[in-house]
Amino acid sequence: MKFDVVVVGGGHAGCEAAAVAARLGASVALIAINAAAVGSMSCNPAIGGVGKGHLVREIDVFDGLIAAAADDAAIHYRMLNASKGAAVRGPRVQADRNLFRQSIQRRMKDFPTLKIVEGEVIELDFNGGKLSGVHLASGDVIAAKAVILATGTFLGGRLFRGKERFDGGRIGESGAHRLSQQLRSLSLPIRRLKTGTPPRLDGRTIDWSRAARQASDTEPWHMSADAPARRNTQLFCGITRTLPTTHEIIRAGFGDSPLFSGDIEGRGPRYCPSIEDKIRRFADRDSHQIFLEPETLNGCLIYPNGISTSLSADTQQAFIHSIPALEKAEIVVPGYAVEYDHIDPRILSRELGVRDVEGLFMAGQINGTTGYEEAAAQGLVAGLSAACRALDRPAPIFDRTSSYIGVLVDDLTLQGVTEPYRMLTSRAEHRLHLRADNAEARLRVTAVASGAISDAKAVAMERRALQRKRAAALAGNEDAGSEDIPRAIREEIETDRHYAPYVQRQRSEVARLRSDRTRLPVGFDFMSVGGLSSEMIERLSLARPDSVEQASRINGITPAALTALLVAARAVA
Amino acid sequence: MARAQNNSGRDPDTIFALSSGALPSAIAIVRISGPRARDALDHLAGAVPEVGCAALRTLRHDGEILDQAMLLWFAGPRTVTGEDVAEIHLHGSRAVVDACFAALQSLGLRMADPGEFTRRALFNGKMDLSAVEGLADLLAAETESQRRDAIRRQRGFIPQRLHEWRSRLTHVAAAIEAAIDYDGEEEVGGDPVYVIGGIRTLLREIERVLALAPAERLREGIRVAIIGPPNAGKSTLFNQLIGRDAAIVSDIAGTTRDVIECPIAIDGIPFLLVDTAGLRTTADPIEKIGVGKARDEAELADILVDLAADRDSERCVAVSAKADVTDARPGTLAVSVHKDTGIVQLQERLVEMAAAMIPLQGEVAFDRRYRQALAAVRNDLSVAVGTTDPLLVAEHIRLAIRELDRVLGGDGVEDMLDALFGRFCLGK
Ligand SMILES: Cc1cc2nc3c(=O)[nH]c(=O)nc-3n(C[C@H](O)[C@H](O)[C@H](O)COP(=O)(O)OP(=O)(O)OC[C@H]3O[C@@H](n4cnc5c(N)ncnc54)[C@H](O)[C@@H]3O)c2cc1C
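Line by line, the protein sequences give chains A and B.
If you use the numbering used here, the first sequence corresponds to residues 1 to 573, in order.
If you use the numbering used here, the second sequence corresponds to residues 1 to 428, in order.
FYI, nobody ran anything at the bench for these hints, they're computed from the structure.
Even glycine gets a Cβ: it sits at the ideal position worked out from N, Cα and C.
Keep in mind that a hint or two might mislead.
If you want the ones that stay clear, here's a sample from chain B, every Cβ over 12 Å from chain A, calculated [unchecked claim]:
no., residue
1, I29
2, H89
3, R110
4, R161
5, I260
6, V344
7, Q347
8, A356
Here are the simulated distance ranges between beta carbons [stated by the list, open to error]:
no., chain 1, residue 1, chain 2, residue 2, range
9, B, S167, A, D263, 34 to 40 Å
10, A, S287, B, S167, 26 to 32 Å
11, A, A212, B, T201, 34 to 40 Å
12, A, R165, B, I196, 47 to 53 Å
13, A, S547, B, R168, 31 to 37 Å
14, A, E509, B, L300, 29 to 35 Å
All chains, full assembly: derive it from the sequences and hints.
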């Protein structure tokens, strides 16, 4: 078997990568350890949010899967920051996890050049030093022009719960160890990170009368610009909270915590701490909020958001029962933590290709991120790049001034990560321009040029572009005939006008930066720059900035180092 | 070791220079920096003292005794330049120093270019730009207040102050950003009173600093312009204040056609005294230029000595010159150069007014570079307190932090996130 692109992994990164490569016309094999689990949500049953919702909308402009599948599966819609400025409004949905997976799998089947293969990849195959495909545990070899690793939490995956230890990428699925060993032997920089998940509860054993309710938004918005009307029944979420007794039980269980015993060496996400972490670090708080989010349309499985934990199963049972509304709740699957391998993403180019291994790309959690949306966004970038490489056409470059995808790629490849990376709007200096509602206006031209979108999508976007133009021409003119332009588009144009002075100012600043951007040639030797300390050389060599402007954004680079770099760059130019 | 600090691929030259004052003097200090500093000491003295300890040694070169000298040795990178550094304290005669230089040169070391030690310190991250500027000023400081300011600046007072402001702004930003990125979590109501209150306090402190004279004034002196109609006695007063005849004095109105400047010190405070052409409309083209300059000067000056005004104002002393000839205008300071009256009082007034512009003990004047950044920060913060859209408040605070980062070097986003996760318990 031979393919243009082989994608290892059927998570959000892998699926998005395989799908976009197939949309470009490449022949693609997506390999997953468990084919039935392709398109699974490993953790919380929600898609979108502040920053994350922005990513989803951007992927949708490229005709990606995640927004459309989220609409197919949505059982609760919520617009975050609805009362704040439009630029930070974050669309988020609760998704029925079965519907979501089915939607992804159905959409993947539609691509004639895309094949799903079940199996574990144990090695990359090299022919005469050049990457030529992958070896499966079954003994099969699959040849490919480009390989994308999207192995999520599976590489060297190890699960922790109290004193229990399991091998695995997530509960019930084994990890991938042999591939991890090979990557280490290729001397790629591999580190460990950690994340965790809460216990799942049986919704039928929750006393909903004791929980506050949060209903789904009635405003009829969608994740995808081309979604049909909402069709699933909308469910409500519940809200309850921990009590001081809950905290006592949790503290009493600290002794069994793999997090505090030092057994978990990988760093976890600060923005998504476990309940034991919250209680230890913020000892003064005597209560924490818990959102009870339905995972399925039938309401049987509930995700208690806010109590991710790797304490022992007994402690989990005891503290759950101390919480109002959960006194009799049954745990279906206890929470756990997973520790896994990731690579230092600074070895990647802006196309998410490993710079020193031609044809190898990486996307998703393997690059040190967390979250479905972050994974999917990288899948899109890697899939586009790998397919373009195989098909010998130029890949689009995502810029941090025009997309969150660009912010993500730039942050990862330039700064690396010290903890699992999550998108936050505060990471985007062009936040006022990078809105969820104008993703299409920002990226349509790039998307069309990339060749990654269907004709139907292109036509729909063209139609909306004309509406935008008309709305802009009529803006500020009350009684002009704009009634036939959809309200969302009229509001988008209104918001454009609101932020225009700021956006204008940022644009001219960007233009100024670009005009005096001193380029650093490919393969520039930072060791050769006189007067740089070894620390500066290390930071620069890892990030390999391609301009002095980019170097100036690397953490910890001193003004003195920049001066030296500028002098050296001018000398070679 | 120095090698570890400088990975230029080839070793940098080892440099030396006389780092004490002009010769002859009691002691001359020769400073050496670079990877061969140790070899040079070893060669001249036969041994190298313990790090940081002084040792008295006889220096020899080519079999000849050069001098009895005190040696100091510091191993890089924890030195002023970040490289290996040696100091030789010689007897301060020209001949001894010349012989020592010749010896060092024959060992392959070279004379440092002007500012080269400082440049190396900068490149090796031993100083930030503000510290370097402070050092340069120290070498040029002439009066006591200049010297104090230079010392404070070199110790990094300005960066410290700016870092402190930046850190407070970062906390304010964290509170706002938490409310944006974690909408719906109870932790973060984004307490607007706290946020706006914090910005207001900062704004006041920054405005106080901007009201001080810029640091350049301490270097060049507080500008005092003497203004008034032609023939009011400006130049006579000017000459009296500087104590010599620098300005041309004549009875013909319009004699002073250009602007004349002279630095003076009164009570240790540096002033730059400026004599201007009389302010009147004139047909004489040369005098016209002079008058135009005088108007500019009145704008530029920190203090005006106005020979026509009827009363003092914030930065203006009203003076009646020629009090021996014509009656002093009521409410003005009467000065007569010929009778030697009023001059001391005028000097006292100048010192008093200057004192309000000069930083208090513990305060520091900010250079133009910093003042520009601070003015931008002030503008952003003023807009921030005037808007209710939390996103725009956040935007202006981000811009303000970025202004500070531009002069301090630093990463706004990461530091803000540290503050955010340090303070708030976030993440469901
Ligand atoms: C316990 C747990 C807790 C989490 N908590 C959070 C959280 O709190 N917040 C958050 O934002 N995100 C969380 N996530 C992360 C979120 O699930 C991931 O970020 C996202 O799913 C990553 O997507 P991915 O495509 O990179 O990989 P995954 O979704 O992990 O998919 C990996 C895929 O690769 C396949 N695979 C791996 N190795 C091989 C191999 N050698 N051969 C063939 N196939 C292979 C697997 O079969 C799987 O299909 C958590 C995940 C887990 C497991």
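Here is what the structure says about each hint:
{"no.": "1", "hint": "I29", "result": "holds (25 Å)"}
{"no.": "2", "hint": "H89", "result": "holds (28 Å)"}
{"no.": "3", "hint": "R110", "result": "holds (16 Å)"}
{"no.": "4", "hint": "R161", "result": "holds (18 Å)"}
{"no.": "5", "hint": "I260", "result": "holds (39 Å)"}
{"no.": "6", "hint": "V344", "result": "holds (48 Å)"}
{"no.": "7", "hint": "Q347", "result": "holds (43 Å)"}
{"no.": "8", "hint": "A356", "result": "holds (34 Å)"}
{"no.": "9", "hint": "S167/B with D263/A: 34 to 40 Å", "result": "holds (35 Å)"}
{"no.": "10", "hint": "S287/A with S167/B: 26 to 32 Å", "result": "holds (30 Å)"}
{"no.": "11", "hint": "A212/A with T201/B: 34 to 40 Å", "result": "holds (38 Å)"}
{"no.": "12", "hint": "R165/A with I196/B: 47 to 53 Å", "result": "holds (51 Å)"}
{"no.": "13", "hint": "S547/A with R168/B: 31 to 37 Å", "result": "holds (33 Å)"}
{"no.": "14", "hint": "E509/A with L300/B: 29 to 35 Å", "result": "holds (31 Å)"}
Checked against the numbered hints above, the structure violates none of them.
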